[in-house]
Amino acid sequence: MPDYRWPDSEDRSLIGKRVPRVDSPLKVSGKAKYTYDVKRPEILFGKVLRCPYAHAKILSIDIRAAERMPGVKAVHVIQGPGSIIHWAGDDVAAVAAVDEVTAEEAIRAIEVKYQRLPHLVNDAEPPTDSDLARLPLGVDDINEMLDKGVPADELIRQIQREGVTARVSENELDELQTIGVNHAVLDAIRGAFVHPSGEVRRANYRKDPVQIQGEPEQAFAAADFIAEGLYGASAIAHCCLESHGSISEWTDRNHLLVHMSTQNVSGIAGQMAAPLRVPAANIRVHQDHVGGGFGSKFGPDRWGIAAAELSRKAGGRPVRIMLERDAELKVAGARPSAYARVKVGAKKDGTLLAWHSESWGTAGPGAGAMPPIPYVFDIPHQRLEYTAIRNHVGPARPWRGSNHSQAAVITMCALDDLAAKLKMDPLDFFLKNLALTGPMQDVYREEVEIAASLMEWKSKWRPWPKSGVSGVVRGVGFSIHTGGGRGHASDCDLSIHPDGSVEIKVATQDIGTGTRTIILMVAADTLGVPMESIALHIGDTLYPPSGGSGGSTTPGGVSASTRRAAVDARDALFARVASALSAQPEELESVNGTIRVKTDPQRWLSWQEACSKLGAISLNMRGRNPNRNTPPDLTGSGVGGVTMAEVEVDADTGVVRARKMVAVQDCGLILNRKLAESSCYGGLIMGISYALFEEKIMDRTSGQMLNPNMEFYRLAGFNDIPELVVHLMTGGKYDERGVIGIGEPPVISPGAAISNAVANAIGVRVPFLPLTPDRVLTALDSREQLLEKQPGA
Amino acid sequence: MGNQYPKRGDLSRDASSRGGESEDSSGVSRREFLKISGASAAAPLLAGSLLAGSLAGESLVSESLVCGSTILAAGEVVPVYGPGPLPMEFSINGKEYKANLEPRVTLLDALRDQFDLTGAKRVCDRGECGACTVLVDNRTVYACSLLAIEAQGRQILTVESLMQRSALHPIQQAFVDHDASQCGFCTPGFVVACKAVLDKNPKPTVDDIRRGLSGNFCRCGTYHGIQQAMAQLALTQKT
Numbered sequence: 089m090p091d092y093r094w095p096d097s098e099d100r101s102l103i104g105k106r107v108p109r110v111d112s113p114l115k116v117s118g119k120a121k122y123t124y125d126v127k128r129p130e131i132l133f134g135k136v137l138r139c140p141y142a143h144a145k146i147l148s149i150d151i152r153a154a155e156r157m158p159g160v161k162a163v164h165v166i167q168g169p170g171s172i173i174h175w176a177g178d179d180v181a182a183v184a185a186v187d188e189v190t191a192e193e194a195i196r197a198i199e200v201k202y203q204r205l206p207h208l209v210n211d212a213e214p215p216t217d218s219d220l221a222r223l224p225l226g227v228d229d230i231n232e233m234l235d236k237g238v239p240a241d242e243l244i245r246q247i248q249r250e251g252v253t254a255r256v257s258e259n260e261l262d263e264l265q266t267i268g269v270n271h272a273v274l275d276a277i278r279g280a281f282v283h284p285s286g287e288v289r290r291a292n293y294r295k296d297p298v299q300i301q302g303e304p305e306q307a308f309a310a311a312d313f314i315a316e317g318l319y320g321a322s323a324i325a326h327c328c329l330e331s332h333g334s335i336s337e338w339t340d341r342n343h344l345l346v347h348m349s350t351q352n353v354s355g356i357a358g359q360m361a362a363p364l365r366v367p368a369a370n371i372r373v374h375q376d377h378v379g380g381g382f383g384s385k386f387g388p389d390r391w392g393i394a395a396a397e398l399s400r401k402a403g404g405r406p407v408r409i410m411l412e413r414d415a416e417l418k419v420a421g422a423r424p425s426a427y428a429r430v431k432v433g434a435k436k437d438g439t440l441l442a443w444h445s446e447s448w449g450t451a452g453p454g455a456g457a458m459p460p461i462p463y464v465f466d467i468p469h470q471r472l473e474y475t476a477i478r479n480h481v482g483p484a485r486p487w488r489g490s491n492h493s494q495a496a497v498i499t500m501c502a503l504d505d506l507a508a509k510l511k512m513d514p515l516d517f518f519l520k521n522l523a524l525t526g527p528m529q530d531v532y533r534e535e536v537e538i539a540a541s542l543m544e545w546k547s548k549w550r551p552w553p554k555s556g557v558s559g560v561v562r563g564v565g566f567s568i569h570t571g572g573g574r575g576h577a578s579d580c581d582l583s584i585h586p587d588g589s590v591e592i593k594v595a596t597q598d599i600g601t602g603t604r605t606i607i608l609m610v611a612a613d614t615l616g617v618p619m620e621s622i623a624l625h626i627g628d629t630l631y632p633p634s635g636g637s638g639g640s641t642t643p644g645g646v647s648a649s650t651r652r653a654a655v656d657a658r659d660a661l662f663a664r665v666a667s668a669l670s671a672q673p674e675e676l677e678s679v680n681g682t683i684r685v686k687t688d689p690q691r692w693l694s695w696q697e698a699c700s701k702l703g704a705i706s707l708n709m710r711g712r713n714p715n716r717n718t719p720p721d722l723t724g725s726g727v728g729g730v731t732m733a734e735v736e737v738d739a740d741t742g743v744v745r746a747r748k749m750v751a752v753q754d755c756g757l758i759l760n761r762k763l764a765e766s767s768c769y770g771g772l773i774m775g776i777s778y779a780l781f782e783e784k785i786m787d788r789t790s791g792q793m794l795n796p797n798m799e800f801y802r803l804a805g806f807n808d809i810p811e812l813v814v815h816l817m818t819g820g821k822y823d824e825r826g827v828i829g830i831g832e833p834p835v836i837s838p839g840a841a842i843s844n845a846v847a848n849a850i851g852v853r854v855p856f857l858p859l860t861p862d863r864v865l866t867a868l869d870s871r872e873q874l875l876e877k878q879p880g881a
Numbered sequence: 002m003g004n005q006y007p008k009r010g011d012l013s014r015d016a017s018s019r020g021g022e023s024e025d026s027s028g029v030s031r032r033e034f035l036k037i038s039g040a041s042a043a044a045p046l047l048a049g050s051l052l053a054g055s056l057a058g059e060s061l062v063s064e065s066l067v068c069g070s071t072i073l074a075a076g077e078v079v080p081v082y083g084p085g086p087l088p089m090e091f092s093i094n095g096k097e098y099k100a101n102l103e104p105r106v107t108l109l110d111a112l113r114d115q116f117d118l119t120g121a122k123r124v125c126d127r128g129e130c131g132a133c134t135v136l137v138d139n140r141t142v143y144a145c146s147l148l149a150i151e152a153q154g155r156q157i158l159t160v161e162s163l164m165q166r167s168a169l170h171p172i173q174q175a176f177v178d179h180d181a182s183q184c185g186f187c188t189p190g191f192v193v194a195c196k197a198v199l200d201k202n203p204k205p206t207v208d209d210i211r212r213g214l215s216g217n218f219c220r221c222g223t224y225h226g227i228q229q230a231m232a233q234l235a236l237t238q239k240t
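So the sequence lines, in the order shown, correspond to chains A and B.
Take the position in the first sequence, starting the count at 1, then add 88; the result is the number in the numbering used here.
Take the position in the second sequence, starting the count at 1, then add 1; the result is the number in the numbering used here.
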């Protein structure tokens with residue numbers, strides 16, 4: 089049985105070390121070629137005509153004038169007459185021309201008649217009862233509520249109020265009875281009003297079934313302190329610096345070559361096949377480098393399909409569509425907004441008892457889902473209500489740590505307010521309730537202590553100021569977070585050639601992860617050869633498939649499959665050369681470019697000599713992740729992290745500046761310490777950016793995004809970055825958990841930590857991120873009122 | 002794109018002129034330029050005088066340019082170029098380049114599309130993000146905001162100029178050492194901006210670095226690595 093286990097720390101030549109990113113030299117020299125930089129012979133430039141209205145019906149499209157323009161090679165209607173547009177900037181038609189300006193002129197020559205429809209682009213106000221459409225419950229909804237232990241009387245109330253989507257058959261009711269559903273609930277289902285199909289589905293507001301855990305009403309009655317507040321985070325854009333786009337060309341009538349800016353090389357062909365009516369096997373996707381994804385680049389997108397259609401119409405000539413910056417910010421994805429009114433109660437000693445949240449938010453046309461609140465802390469008694477808003481702000485996409493940063497803001501800020509009300513140091517309050525974080529509590533305890541020491545928390549924290557503040561004031565705050573990060577499915581082909589060269593092929597991508605670097609480190613560490621001697625090929629569907637880079641899954645996936653392939657190849661090589669060393673294969677080891685007998689290092693062959701014994705045929709091994717047939721599991725899931733923030737607030741201008749940020753993070757077995765730290769630094773910086781600056785600002789009248797540019801869609805700049813401290817958890821008990829990705833977790837907590845630090849500085853909660861000067865000043869103005877309303881504060 | 006040309010240096014984004022009014026008394030600040038350009042439909046003669054100042058007055062346009070006609074603007078005879086392609090010549094990274102370009106083509110598009118120098122990236126295309134930063138006569142310029150026609154006769158340096166054969170420039174090596182790139186799309190712009198900071202002052206203070214790099218944005222969050230790289234360079238540079 090091959091031994092795939094990660095080597096013990098003393099046997100690691102590269103794993104865990106601070107190895108420089110292998111593609112850095114290409115990036116710093118400008119030689120790295122991104123999709124935006126790719127040149128193809130006879131290339132045509134595509135531009136997309138976008139609808140100016142947030143909600144409209146297309147009545148007619150006339151493309152004749154555009155088609156006749158000199159230099160225009162193809163025009164393609166993306167959404168024809170009768171189509172309904174659901175966000176401003178949505179794609180209507182596309183043009184391919186010999187250069188960009190001709191294409192731009194051509195899209196201006198397309199005449200479209202729209203019928204405008206009413207739009208909704210605001211989401212920050214809580215929906216009123218009259219906004220709410222009652223959504224009838226399906227059997228799945230009822231099952232879900234049963235699974236979550238919603239009490240019978242609440243279940244009956246909801247069934248009676250909302251009705252059901254379809255008559256529930258006696259067979260289904262019998263099944264429910266066998267799993268222990270009581271008669272009163274079954275009767276309620278039998279007697280429920282059945283809604284005609286499709287009714288109310290189009291409403292803007294949709295309230296989910298209430299979820300209940302424990303007995304929240306009694307728990308609140310038993311609480312000594314209750315804090316109530318409003319919290320939230322606006323919709324923000326991904327703002328990839330390389331915009332979304334691709335270059336498509338038909339190499340013959342049935343074969344398509346696509347260069348695409350994507351975080352999902354292996355997953356694109358399957359998504360293009362059906363709309364283009366061509367087998368996925370005939371679509372080749374290639375990408376060398378990608379300028380950011382952050383969760384927004386998993387699909388070919390409608391404009392990617394349009395580029396391929398334009399190419400087909402233009403006789404197969406390559407057609408490039410890369411989004412303009414305004415389109416990138418308007419239509420290429422956004423982090424869903426999330427807001428909540430939260431009530432949270434505790435005993436005098438700080439023991440958390442009960443949580444009640446009425447939350448809402450939008451993911452654009454697709455509604456969206458409640459963030460995982462209460463986050464990390466499993467408060468014993470909970471009542472969770474959520475209203476999804478379906479509106480016209482544009483489509484949402486996962487944003488680095490899907491829904492977690494919103495959940496952290498809502499939860500950690502509510503708990504921080506309760507700690508303030510209890511007059512407790514939030515550090516003590518969190519530690520008091522740490523058992524509610526479950527199996528990770530020891531990790532959190534260790535991390536919170538390290539973070540507190542790095543932040544000098546005990547000397548910096550003081551209670552919220554009681555009186556008004558003026559001038560520049562300081563405060564500290566913190567938040568904790570979790571994350572998955574288990575390695576995704578990935579195959580890896582590793583070849584050892586008779587000349588000693590090594591070749592690896594994986595259809596993965598490097599979105600800043602350091603994918604290339606970690607694959608090479610794992611292979612080199614396993615084979616005992618230098619990283620530079622290995623030729624690595626990624627970013628092409630010619631290679632074995634590997635998952636998309638989302639959910640922090642790439643490091644685990646590619647490292648595990650590479651490890652398996654390398655161990656198998658190494659063992660196969662040992663089998664071929666053992667006799668030459670008068671040893672058994674299992675007595676050999678591969679170290680520093682030699683293959684030698686473990687117990688007698690004087691008996692050795694150089695790597696080249698050993699490989700020459702392969703004869704004419706190369707060794708080729710495929711490693712797979714996951715692979716349950718050959719344990720162990722080389723990757724793990726579930727990390728803990730803590731972020732602390734120190735801020736400075738100018739109470740006269742409302743300007744917030746981060747002064748110091750501390751991140752303490754675990755990620756199981758660290759593959760490359762330098763890259764893992766970079767992910768944490770990047771998370772802190774991106775966190776400062778969304779905490780203080782970023783917001784998709786929508787105009788209610790026109791339904792348009794008002795800041796689709798980089799001047800007013802503000803990212804944190806060099807000047808906004810304070811002292812940053814990163815500490816990674818290391819050692820045996822972390823190594824044992826295997827490789828866990830941390831692309832996402834470090835960005836989750838900074839928003840909540842900064843909000844808590846601002847509240848600590850000025851003595852009042854600024855409800856919503858980003859914490860812009862106007863919001864800070866509004867909160868300060870309302871402070872006296874708030875104090876009157878909450879005499880306990 | 003309009004047919005007025007900003008005055009030389011207006012679009013440079015050195016610390017002295019970025020974010021505020023230009024200190025260069027002969028120049029028109031970016032903000033003023035935008036005001037003028039916004040009002041140009043109503044006041045074409047004003048725009049014309051800018052054209053005269055920048056093109057005729059400072060001889061930025063080579064003699065060989067095909068000048069179709071002239072107009073009288075603000076009492077001066079002003080040449081009109083385009084709208085068709087014109088032969089242009091550039092000095093980029095010490096080499097001569099020639100192309101036939103329309104006057105509306107930006108320096109950035111000329112570099113990328115005509116000369117395949119793709120280190121400078123097009124991200125915002127309107128002078129906001131710094132990903133297209135190049136040096137023109139040793140000053141940082143957003144290549145998306147300078148017309149190619151104006152870049153003639155000036156020394157243009159792009160990120161591609163920094164490597165000596167296969168050896169990285171010390172700035173580039175410092176970026177590698179401190180992992181100052183993740184996705185890498187903003188990196189070439191930052192490398193050039195760092196060079197400008199160090200050229201001006203080999204021992205920059207933290208504030209010099211912050212000011213000098215405040216015109217470039219990164220999305221992945223590599224500012225920490227860049228800060229570390231610059232700190233190392235400031236230590237090792239000879240004054």
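Treat the hints as calculated values from the structure; they're not laboratory data.
The beta carbon of each residue, even a glycine, is placed where N, CA and C say it ideally should be.
A hint or two may mislead.
Claimed, not checked - In the DSSO-like style, the derived pairs of lysine-lysine whose C-alpha atoms are separated by at most 30 Å in a straight line are:
1. B:Lys-204 x A:Lys-127
2. B:Lys-96 x A:Lys-119
3. B:Lys-99 x A:Lys-701
4. A:Lys-546 x B:Lys-96
5. A:Lys-548 x A:Lys-105
6. A:Lys-546 x A:Lys-511
7. A:Lys-511 x A:Lys-554
8. A:Lys-686 x A:Lys-511
9. A:Lys-119 x B:Lys-99
10. A:Lys-686 x A:Lys-821
Unchecked claim - Each pair of labels, with its calculated beta carbon distance range:
11. B:Asp-208 x A:Asn-717: 56 to 64 Å
12. B:Glu-90 x A:Arg-152: 35 to 43 Å
13. B:Asp-208 x A:Pro-586: 54 to 62 Å
14. B:Ser-92 x A:Ile-705: 48 to 56 Å
15. B:Asp-178 x A:Leu-147: 57 to 65 Å
16. B:Ser-92 x A:Arg-152: 40 to 48 Å
Results for each hint:
A C-alpha spacing of about 40 Å is found between Lys-204 (chain B) and Lys-127 (chain A), which places the hinted pair above 30 Å, so the restraint is violated. Distance check on the hinted pair: Lys-96 (chain B) and Lys-119 (chain A) sit about 18 Å apart at the alpha-carbon level, within 30 Å; holds. With a CA separation close to 55 Å, the supplied pair Lys-99 (chain B) and Lys-701 (chain A) exceeds the 30 Å bound. With a C-alpha separation of about 60 Å, the suggested pairing of Lys-546 (chain A) with Lys-96 (chain B) is violated against the 30 Å cut-off.
Between the alpha carbons of Lys-548 (chain A) and Lys-105 (chain A) the distance comes to roughly 34 Å, so the proposed pair goes past 30 Å and is violated. The hinted pair formed by Lys-546 (chain A) and Lys-511 (chain A) meets the criterion: a straight-line CA distance of about 15 Å does not exceed 30 Å. Taken as a hint, the Lys-511 (chain A) and Lys-554 (chain A) pair is honoured in the structure, with Cα atoms around 11 Å apart against an allowance of 30 Å. Taking the CA atoms of Lys-686 (chain A) and Lys-511 (chain A), the gap is near 63 Å; set against the 30 Å cutoff, the hint is violated.
With a C-alpha separation of about 22 Å, the suggested pair Lys-119 (chain A) and Lys-99 (chain B) falls inside the 30 Å cut-off, and the hint holds. In summary, the hint linking Lys-686 (chain A) to Lys-821 (chain A) is supported, as the alpha carbons are separated by about 28 Å, within the 30 Å threshold. Checked against the hint of 56 to 64 Å, the pair Asp-208 (chain B) and Asn-717 (chain A) passes, with Cβ atoms roughly 60 Å apart. Distance hint for Glu-90 (chain B) and Arg-152 (chain A): a CB-CB separation of about 41 Å, consistent with the stated range 35 to 43 Å.
Our hint of 54 to 62 Å for Asp-208 (chain B) and Pro-586 (chain A) holds, since their Cβ atoms are close to 59 Å apart. In this structure the supplied range 48 to 56 Å holds for Ser-92 (chain B) paired with Ile-705 (chain A), their Cβ-Cβ distance being about 54 Å. Checked against the hint of 57 to 65 Å, the C-beta distance between Asp-178 (chain B) and Leu-147 (chain A) comes to roughly 60 Å, which is consistent with it. The supplied range of 40 to 48 Å is met by Ser-92 (chain B) and Arg-152 (chain A), whose beta-carbon atoms lie about 46 Å from each other.
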